[in-house]
Amino acid sequence: QKEVEQDPGPLSVPEGAIVSLNCTYSNSAFQYFMWYRQYSRKGPELLMYTYSSGNKEDGRFTAQVDKSSKYISLFIRDSQPSDSATYLCAIRRGSNYKLTFGKGTLLTVNP
Amino acid sequence: EAGVVQSPRYKIIEKKQPVAFWCNPISGHNTLYWYLQNLGQGPELLIRYENEEAVDDSQLPKDRFSAERLKGVDSTLKIQPAELGDSAVYLCASSSGAGGEEQFFGPGTRLTVL
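Quick note, the sequences are listed as chains C and W, same order.
So for the first sequence, our numbering puts the first residue at 1; every next one is plus one.
So for the second sequence, our numbering puts the first residue at 1; every next one is plus one.
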């Protein structure tokens, strides 16, 4: 079993839709949870970072962590064509800087 | 402020040839990472530096890959000899090292081995 699983999609939605992106992980030792956005031919950029279970909101983006289920989610409200990108979840143990990434989900928001 | 700089952006070589990638991290960032990203996959860590010391190179295939960060600033990743399976994007990232939660990525070098 891989340490982190992410549905690669692709996911195609109309503009204005609510998008839900998800990852599961296998080891409860992971404590830090991140979402990165990667545009085509670019490096990943950090969108959201959270440590604890619960929700964290930043504008149209909400990150949700459920440590009991080992499940993390990213919600995008009022999606825009500019949100079209690959979204990567990443997890990290407490004392180690190594990030373990999911495969990424390719999202297309159609105008 | 400039972000992480990588060069070249694209490289095409024939198998068995050597190749080198260069990275200049964000000014003041002590921690530097090299990642490998295959098509349709997330990045995978190859090596992490704290200043000039390689503190995690467990995933670096040392028979053909080498890296250096001699003055604790910029870094070079080398492959010799390259194989067909090395075709991928090589990403460099840096972080401040004080907690280091946010890693800032460069645009990557896309390597094609023919």
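In short, the hints are calculated from the structure, not lab data.
Any given hint might turn out to be false.
Output of the computed footprint for chain C on chain W, the stretches with three or more beta carbons under 8 angstroms from beta carbons of chain C [unchecked claim]: (1) 67 to 78; (2) 83 to 96; (3) 102 to 114.
Just so you know, even glycine gets a beta-carbon here, dropped at the ideal spot from N, CA and C.
Hints, one by one, checked against the model:
| no. | hint | result |
| --- | --- | --- |
| 1 | 67 to 78 | violated (count 0) |
| 2 | 83 to 96 | holds (count 3) |
| 3 | 102 to 114 | holds (count 8) |
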